[in-house]
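**Student:** If you want the building blocks of each chain, they are given just below.
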Amino acid sequence: MSSPLPTTIDTEHPAVATHGLHKYYRRNRALERLDLTVPAGAVYLLVGPNGSGKTTTMKILLDLARADEGSTTVFGLSPISDGPLVRAQIGYVPEGRIPGYEWMRIDHLLTHHAVYYPSWDEEYARSLIAALEIDLKKKFQKLSKGEARRVQLVMALAHRPPLLLLDEPMDGLDPVVRDRVIEILATHLAETPTTVLASTHHIQELEKLADHLGVIREGILLAQSDTTTLHTRLKRYRIEASSDWTAPESLAAAIVRRNGSGPELALDIWGEEAAVTADLAGSGSTVRQVAALNLEETAISLLSEPETVS
Amino acid sequence: MTSISRPAHAMISSPLFRSHVRTLLIQQWKVLLIVGILIWLYQFMNAGNELETPFILDNPSTFVAVNRGLGLFGGIIFLIMTALWVFATWEDLKPDSREAFHVYPVDRIRHTVVRTAAGLAVYVGSFVLLWVTGAIAVNIFMPGGGWFWSPAYHEGGWIISLFGIVNCYLLATSLALLTRRPQIWFFCWIPLGVLLTSTLLRLLNITLLANGFLFLFGPQRGLYGGLGLAVHPTPTEPWALPSLSIVLIWTVILSGVVLLSSRVRREA
Numbered sequence: 001m002s003s004p005l006p007t008t009i010d011t012e013h014p015a016v017a018t019h020g021l022h023k024y025y026r027r028n029r030a031l032e033r034l035d036l037t038v039p040a041g042a043v044y045l046l047v048g049p050n051g052s053g054k055t056t057t058m059k060i061l062l063d064l065a066r067a068d069e070g071s072t073t074v075f076g077l078s079p080i081s082d083g084p085l086v087r088a089q090i091g092y093v094p095e096g097r098i099p100g101y102e103w104m105r106i107d108h109l110l111t112h113h114a115v116y117y118p119s120w121d122e123e124y125a126r127s128l129i130a131a132l133e134i135d136l137k138k139k140f141q142k143l144s145k146g147e148a149r150r151v152q153l154v155m156a157l158a159h160r161p162p163l164l165l166l167d168e169p170m171d172g173l174d175p176v177v178r179d180r181v182i183e184i185l186a187t188h189l190a191e192t193p194t195t196v197l198a199s200t201h202h203i204q205e206l207e208k209l210a211d212h213l214g215v216i217r218e219g220i221l222l223a224q225s226d227t228t229t230l231h232t233r234l235k236r237y238r239i240e241a242s243s244d245w246t247a248p249e250s251l252a253a254a255i256v257r258r259n260g261s262g263p264e265l266a267l268d269i270w271g272e273e274a275a276v277t278a279d280l281a282g283s284g285s286t287v288r289q290v291a292a293l294n295l296e297e298t299a300i301s302l303l304s305e306p307e308t309v310s
Numbered sequence: 001m002t003s004i005s006r007p008a009h010a011m012i013s014s015p016l017f018r019s020h021v022r023t024l025l026i027q028q029w030k031v032l033l034i035v036g037i038l039i040w041l042y043q044f045m046n047a048g049n050e051l052e053t054p055f056i057l058d059n060p061s062t063f064v065a066v067n068r069g070l071g072l073f074g075g076i077i078f079l080i081m082t083a084l085w086v087f088a089t090w091e092d093l094k095p096d097s098r099e100a101f102h103v104y105p106v107d108r109i110r111h112t113v114v115r116t117a118a119g120l121a122v123y124v125g126s127f128v129l130l131w132v133t134g135a136i137a138v139n140i141f142m143p144g145g146g147w148f149w150s151p152a153y154h155e156g157g158w159i160i161s162l163f164g165i166v167n168c169y170l171l172a173t174s175l176a177l178l179t180r181r182p183q184i185w186f187f188c189w190i191p192l193g194v195l196l197t198s199t200l201l202r203l204l205n206i207t208l209l210a211n212g213f214l215f216l217f218g219p220q221r222g223l224y225g226g227l228g229l230a231v232h233p234t235p236t237e238p239w240a241l242p243s244l245s246i247v248l249i250w251t252v253i254l255s256g257v258v259l260l261s262s263r264v265r266r267e268a
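Which chain is which? The protein sequence lines are S and X, in order. Position 75, counted from 1, in the first sequence is what the numbering used here calls 75; the numbers after and before it change by one each time, with no gaps. Position 35, counted from 1, in the second sequence is what the numbering used here calls 35; the numbers after and before it change by one each time, with no gaps.
Everything labelled a hint here was simulated from the structure, so no lab data went into it. All values reported here derive from a predicted model rather than from experimental measurement. It cannot be assumed that every hint is accurate.
Quick list of in silico lysine-lysine cross-link-like pairs, DSS-like style, CA-CA up to 30 Å [unchecked claim]: (1) X:30 <-> S:208; (2) S:208 <-> S:145; (3) S:142 <-> X:30; (4) S:139 <-> X:30.
Looking at chain X on its own, in the form it has when it is part of the complex:
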């Protein structure tokens, strides 16, 4: 194993990681169940769109409206999942909790890394699992109803920023821990803030403002998109690949910094 993957493997196989996964599941299983039902519901409804024979409506203009509505619905699910993860991991860095968790004999950075990884395992893992099982179910019950990677699922333009959110989290966490200033951690909220604001603007039908907002701050070309912190990797967008590569580089660098600093501190 490489020098980075060894501590990563040790971390994931540690009792602490398992315990954090368990605590997160204990905390959120009811919410995850509700979100799971929503995801499946969304996929079954969207399967009608994919077939272009919506089971609810046959009026084209209403179809578009419903499609947008479904996009928004899916976006809300995604936001709930992300917010769950962000809230759960925020527990480790808010001032009171810092005190609670950091009385433990664990390096502070390592503790946050373990908790972050556990959060990823639970929330992103659940999201992916629910999505894949939902898509399988759709195709069992509605053959030809579309798979989770098909364009219809991206119609609302909402499957964005997963990398961005992860990267913002890692960047903000690293800075907060290294500078001992937890307030820096609020940087994590930027992607969610952008998504929520643009969704709200679109909901209010202020498309121009929404587009302007996304242009300035959005994940595609805006503030953190420009920093390579987020991406909307649809094949039709020519900027997607370079941006994605920047995102991946960021992920590797930041993960490496966090893991290595943790190891250095442990060995000091």
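Okay, chain S solo, but in the shape it has when bound:
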């Protein structure tokens, strides 16, 4: 029974495209047949549990890791053969603390970092530093996780790259700063044409910026689509049914998640609402409510274990 979930995105201008990426760390699978497509100008959220391959994917885009098989392009260039050209177009917020020299003061670190990027916008950098309340006189190694993340955001944004790779950008930030970062990102996207590929566990905070979602588990991309399609095609149906109710054959593959037991069930089902409702009614159940899912619910639903329908 093949899944009806979308795993490809059709676009003429992909900013990022991977084809059949395989990556193993010794015997541990990091990625398997990953076909990721991020359209130019999109804000693409890549979500999945820890260790699902999100960071590995970003590292492959930067040529920090190399896939065992498959190919990758960033704006049509290969990160392997055109590494410097590719990296010139990327602003990267890494998952860990790796911006460069731990022993340097932040002002020195930013000055050194700026040398690499001819497009570095000093005025913008200063405004970001002020907005994020960064203490320039501190050494990087003395920063807390959240403070380091703020510095990393300045380093990634201030050269106004066409592609942002944000690996858990909200990690370690307090709620006030998280809110400010969202504002900064929204303004940045409005002012600078940028494609964003972000991995996050804080989906709801980035939801208002995101227009694409990819869901990955154990290195396998379960689904990827624009958020409009996800909102219209994946819905939660609350039904009443007898205890021995079974899903109709036509919906077996489309039920993404099933919650509850007994007479009241909540089913997340992929498909046209009218057709799904008709199929459910035809199977002897009563549809009490149909609700759209927000992005976080969508991700959780898509990440749940595959439904077993008797």
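Once you have looked at the hints, place chain X on chain S.
**Tutor:** Below, chain X without anything else, positioned relative to chain S:
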């Protein structure tokens, strides 16, 4: 300019090179200051030896002991300087840092070459500068106190391996980058390991072992000396010149490989 000197000139005049020199100076200026004071102190103390009128002692046997001590002292200074450079440049190749530095839009090999050159400029440059200024100061304050090239400064047999260390660094860096195996970079530690071990053995007065160790692994005739990776170019040693020429050939070849591979990759 030749095809090799052109990219080398471009590299040294690049903002990236200047920035790396600045970062290294920011990182190490306090240590460099202390080392500078030690170098000057050493040269003023050794100036007494050069005059053979040591200002501390007049007993010949004690004089020899002090002379050896000074040799060791100078050796330690040299080791500190070298270790500073090795540690600073190691930042570029240890796995975490590789990730940090290689997110930048610079060819990886070129980045390491720039950083290595900046390290050389800062550490070897500082060493030479401090040494020369120290010698000038000695001759201002203690006329006839000897210059930095005079044999007394080589008495401890410790001004060795500068070429060896540079060559080991270049060789190991090239191999580590080309094979993408950073652990190969540990080859850089061989000259320092040899120096430290032989110094330790001599300090413990195990001369036979120290000599045996140097014979097997040392910079003169041993493992990497035999490979032409290091040399002790004192005029009294007949093997010095051929070994030095091998070292120079190594330097040119390895520098060329690194620079050219960097250029080829950039133009690919």
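**Student:** Taking each numbered hint in turn, which are not upheld by the structure, reported in ascending numerical order?
**Tutor:** 1
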